[in-house]
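K.L.:
Take a look at the letters that make up each chain.
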Amino acid sequence: MTAVSFDTAPKTAARRRERWASGRTYLSAAIIFIWCLIPFYWMIVTAFRDVGYTFDSTPFFTHVTWDNFTTVFSENLGNHFGRNLLNSLFVAGVTTVVALLFGVFAAYALSRLEFRFKFLVLGFVLGASMFPGVALVTPLFQLFTNIGWYGTYQALIIPNISFVLPLTVYTLTSFFREMPWELEESARIDGCTQGQAFRKVIMPLAAPAVFTTAILAFIASWNEFLIASQLSNDQTKTVTVAIAYFAGAQAHQEPYTAVMAAGTVVTIPLVILVLVFQRKIVAGLTAGAVK
Amino acid sequence: MSTLAQPKRAPETPSPKPKKVQKEVGQDRAATSQGRWAFWLISPALVLLAVVIVYPVVNAIIMAFQKDQGLDPVTKVFVQGGPAGFDNFVHWLAQQCGSAACAPGTLGAQFWSAVGTTFFFTVVTVVLETVLGFWMAVIMARTFRGRSALRAAVLVPWAIPTAVTAKLWFFIFAFDGIANKLFGTAILWTGSEWPARWAIIISDVWKTTPFMALLILAGLQIIPAEVYEAAKVDGASAWQRFTQITLPLVKPALMVAVLFRVLDALRMYDLPAIMTQGSNGTTTLSILVVDQIRQGFNSAAALSTITFLIIFLVAFIFVRFLGANAVASATPKTTKGQEK
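Residue numbers (this note's numbering), protein chains in the order written: chain A, 111 to 401; chain B, 33 to 372.
By construction, these hints were calculated from the structure, which means they are not laboratory data.
Just so it is clear, CB atoms sit at the ideal spot from N, CA and C, and this is done for glycine as well.
Check before you lean on any hint, since a few could be wrong.
Incomplete in silico selection of chain B near chain A, CB under 8 Å [claimed, not checked]:
(1) G130
(2) L182
(3) V186
(4) T339
Turn these sequences into a full structure, and let the hints guide you.
P.N.:
Next up, the structure:
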């Protein structure tokens, strides 16, 4: 955008300066690229490295082994990582579905209908998404202990909804506002029934928005740590909590390589998701912030 | 095609005469029916939010005014509970345990240091993330080959769970870890005060700068290229173009991004909780609340209410005085127009 040609300067000097500018752009881009990916790369390298070479600083794959992954899933060492994964999947999945079910209707109304207090409702939703998790944990801890919900799935899903639902409403509202709703009217004029117009025009248009929001909601819930660390027990522990308090083969020794392996297992699906849907996720993240 | 629809819709449309009357009343009725629709569409979400947020918060406020059961630390008499007035708040704000000052090392003695730590982390991380994020956004806004690869790479730190980020940087900053080897240092990163703080700050900056950069990038992209062209023709230097065009035009998006990040940083928990367990002067307010939960619900409720009020106050100051109006940018264009 800023690297446009310098028409007013003499030709050769301009070209030299242009090349210098684009060289700097590539250098900066390379620095950003490396800075963002190197720690992630280091995690994967360590995940595949023999425990004995934990602190080896060779920058590429050496002493490659699958042992760390076996440790991660080893029930004998007291790791129930498979179960933790399913717990996270279940909690994040249910949270996402519930948030979308409630969020889609609210977002439709907020983006398409005129009514009083719209500003107030949006303010409330936005305020809710900024809400500190600790302010919920204390009362919920006592409440759930009293009614015997401590360590149940609903004890994790309910607080998660408190920050995933506002995110869903907010993102979907901005997406829906950008949609060409006139097409619904055109479809009706062209002879579609209301049902057909909804099924054949609105659904395909809204699907990407809903899908992107679902990814964002899922990631937000999947990454949650504070609430899960306080309100889950061994049965319902999620992956983020499991990784934070991981048990290695030796007691009193930080199992770095196994933790990196666990981190890799948790992160790779997310990274693939992000790389595949990069454009949509960026749109979803920034929706509403600028428009 | 429209002839196909005609017979279907015909029975629904009333005869021409009452139609005219209806049109005048209809305008009003359309508005009220939209309002009614909106009510039914929105209330499920609002009721759900009220159940999961408002109810616990009201509960916390009620709890905050109750005594914790247990032995009084000073008189060693069993306290039965019951109304406490503002005692729990005084306990934290004045760091008073019973009638004396809280003993050093107890949770009660850490309130103001936790406030200080929280604000220190917030200011340093948000400033670093804003500056670095701006730089990243400017680079990503340029056209060059591999731009989409860069944008994808930037999303990787964002997608990694904070708990994993914490463990990853804990490993990088281990005594025998790569950070010390790379810089030839022998620092106990997570074992002493300032290195521990910087380790947390660096991890946070790594994880959240991309988010900041993407929000700023979105703000940059709505600036038309012609504005820059015109400024260049008028002889504005690169620096002048940045301060006179880019900054003012990107300001609304920037302020929203900063607001989001500030409120997020004020509730920072995951990174210090996992990397240092709050030791070595890295106890944030969130960590203090969680530590207190198991020592007394009501006292913890008072502290979480204070935390909530602090965050609310900061948000209010941002929106009121610095013009970070996230709500306005989320409402349709009509509101935006009025603002200008």
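K.L.:
Decide, hint by hint, whether the structure agrees.
P.N.:
Comparing the hints with the structure gives:
1. G130: violated, 22 Å
2. L182: Status holds, d = 5 Å.
3. V186: Nearest chain A Cβ about 5 Å off; hint holds.
4. T339: holds, 6 Å
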